[in-house]
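Peer 1: Below are the chains, spelled out letter by letter.
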Amino acid sequence: MNTGLLRALSLTVLLAFSGIAFSDNMIMGRVPMRGEIVLEYVISSIEEHGYTVAHIQLCDGGMKEFGYKSDLYRVVFFGKIAEVRAISERYPELVSYVPLKIAVIAEKDETLLSVLNPQALAPFFTDEEVRIQFARWSNDLESIFEDVRRSTAQHVATME
Amino acid sequence: MHALRLLFSGLSLATMVAGGVGHAAPDGGELYVEHCVACHQMEGQGGIGLPLLNDKLADVSDDYLRSTVRLGRPGRVMPSFMRMSDAQVDAIVKFLRDKSGTTAVEFSNERVAGNAAHGKTLYTEHCAKCHGADGSGEGEGTGVTQSRDRSFLVMPASISNPGFLASAPDQMMQRVIAAGRKPSGMPAFSRGKLDESEIRDVVAYVRSFEQQARVVEPLDEEERPTHVYESPYDFDTTVANVKASLGGANFRIFPDRLLEQGLVDEFSVNTRQIGVRFCNFNVLYGMLKTEPRLGIVLPCRITIMEREGGQVLLVIPNLRVVSRWFNNDELVGLWDQMEETFTEIIDEVTL
Numbered sequence: 153m154n155t156g157l158l159r160a161l162s163l164t165v166l167l168a169f170s171g172i173a174f175s176d177n178m179i180m181g182r183v184p185m186r187g188e189i190v191l192e193y194v195i196s197s198i199e200e201h202g203y204t205v206a207h208i209q210l211c212d213g214g215m216k217e218f219g220y221k222s223d224l225y226r227v228v229f230f231g232k233i234a235e236v237r238a239i240s241e242r243y244p245e246l247v248s249y250v251p252l253k254i255a256v257i258a259e260k261d262e263t264l265l266s267v268l269n270p271q272a273l274a275p276f277f278t279d280e281e282v283r284i285q286f287a288r289w290s291n292d293l294e295s296i297f298e299d300v301r302r303s304t305a306q307h308v309a310t311m312e
Numbered sequence: 185m186h187a188l189r190l191l192f193s194g195l196s197l198a199t200m201v202a203g204g205v206g207h208a209a210p211d212g213g214e215l216y217v218e219h220c221v222a223c224h225q226m227e228g229q230g231g232i233g234l235p236l237l238n239d240k241l242a243d244v245s246d247d248y249l250r251s252t253v254r255l256g257r258p259g260r261v262m263p264s265f266m267r268m269s270d271a272q273v274d275a276i277v278k279f280l281r282d283k284s285g286t287t288a289v290e291f292s293n294e295r296v297a298g299n300a301a302h303g304k305t306l307y308t309e310h311c312a313k314c315h316g317a318d319g320s321g322e323g324e325g326t327g328v329t330q331s332r333d334r335s336f337l338v339m340p341a342s343i344s345n346p347g348f349l350a351s352a353p354d355q356m357m358q359r360v361i362a363a364g365r366k367p368s369g370m371p372a373f374s375r376g377k378l379d380e381s382e383i384r385d386v387v388a389y390v391r392s393f394e395q396q397a398r399v400v401e402p403l404d405e406e407e408r409p410t411h412v413y414e415s416p417y418d419f420d421t422t423v424a425n426v427k428a429s430l431g432g433a434n435f436r437i438f439p440d441r442l443l444e445q446g447l448v449d450e451f452s453v454n455t456r457q458i459g460v461r462f463c464n465f466n467v468l469y470g471m472l473k474t475e476p477r478l479g480i481v482l483p484c485r486i487t488i489m490e491r492e493g494g495q496v497l498l499v500i501p502n503l504r505v506v507s508r509w510f511n512n513d514e515l516v517g518l519w520d521q522m523e524e525t526f527t528e529i530i531d532e533v534t535l
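Those protein sequence lines, which keep their order, are chains A and D.
All residue numbers for the first sequence refer to this note's numbering, where the first residue is 153 and numbers rise by one.
All residue numbers for the second sequence refer to this note's numbering, where the first residue is 185 and numbers rise by one.
Mixed in with the good hints there might be a few duds.
Straight-line alpha carbon distances no greater than 25 Å define the calculated BS3-like cross-link-like pairs of lysine-lysine that follow [said to hold, decoys possible]: (1) D:Lys313 x D:Lys377; (2) A:Lys260 x D:Lys473; (3) D:Lys313 x D:Lys366; (4) D:Lys473 x D:Lys313; (5) D:Lys366 x D:Lys427; (6) D:Lys283 x D:Lys377; (7) A:Lys221 x D:Lys377; (8) A:Lys221 x D:Lys366; (9) D:Lys377 x D:Lys304.
Computed, partial: chain D to chain A, Cβ under 8 Å [as the list claims (entries may be wrong)]: (10) Gln445; (11) Arg456; (12) Gln457; (13) Val499.
Covered stretches of chain D, going by a simulated chain A footprint (3 or more residues, C-beta under 8 Å) [to be verified]: (14) 405-413; (15) 480-487.
To be clear, the hints were calculated from the coordinates, so they are not data collected in a lab.
Every residue, glycine too, gets a C-beta built ideally from N, C-alpha and C.
Produce the complete structure using the sequences and hints provided.
Peer 2: Set out below in structure tokens:
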């Protein structure tokens, strides 16, 4: 079997073993790859979507001494300055939900990505402008998760 | 995945054209890819989610599937899809049926008469090893991560879960106990292990888990996703008061972060919008064990912002609302308590 065909097969298998789930309030993705690598793809995809990564919080470090085990637990905070300013100006009650954040939780060679679906906030608002913003964020997050899923699958396929 | 979506969309389009339908019906395959594949996988082989293979689907009614999609499994990784339309839920169920070639089994909702006390003894002997003494599947946790006993093919079903108990009629449980479930490794108990009467007793015991279910208080209609308070003090005094109050309540305070920090250069950042971040590690440990995805709303943060004219606002997430987004009743209980603590802190700060 030639290398190209092998890669294509690997990619197909990997894509089948990863995925994204959209619930009413949460978007979740699962990638069969170690957390450190997935985190890099998450950051890269966030930036490709025009967002700036504000900071990355290490959740696992502080919890270790209390016995909470995870191979990697990071929360990536990101946003667009214009959107954050618009929210704080026009909708101050939403500042608790910006910047956006994605949790990257890894165990062994499996990584879960989890994010609050901004659409969960929509039922609390009637203003069309902010509802469009929630929908836009939600679309971007779906696209970011999809990118990560495809990129990581491609990454493994290329290595094989 | 795009290819699959295109394929499913293509099939829908073909169906519409063939049927001359002007209004697109929901595409079950596309919905399955969008909402279910991450955990149940494309061929339904399961992983984080339970397998949806033919053996299982042949055992359950369409009502069970519909109710499971709607209610999810509170406290577990399976979310609820309350906002999906009936047509969308039906389309997913139809997709599963068509894909598996199975037909729905119909069960009556009549309760099975059995001796729950005797059922408990039998349950402890035969079922607790996998489903846990309390029926929770594998002890605490949502199953959202892979931290399960790897000797199990899948994470054992949480049969004390309110979502399961509301979806599964007694007769279905009877059938599953008797026939087992090969893909999940569940044996057929009718084969020399339990007779019909004993199976009814076990079902009666499993049904009794309903009485232990946590009751989640519904949200008031007026609830908002955050609480916004106006401080009677200036910005700097308010920030200092918040920190003093949090320290007094035994919270660890992290370094401040400006709302815009990291998004813009240090010269352009608004320094009058600050997030005071805090945490109680003991409480957080318990919460993360209950809900590992909690990181997406952590750490706790009170945002203090100075508005035009010097008005100072304190904004804090409404934990009663946020906790309900996780569909985890246990978390709701913990956060409802935390919400009271936050209210006390804000009261102290704004006095």
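Peer 1: Can you give the numbers of the hints that this structure goes against, from lowest to highest?
Peer 2: 5, 6, 7, 8, 11
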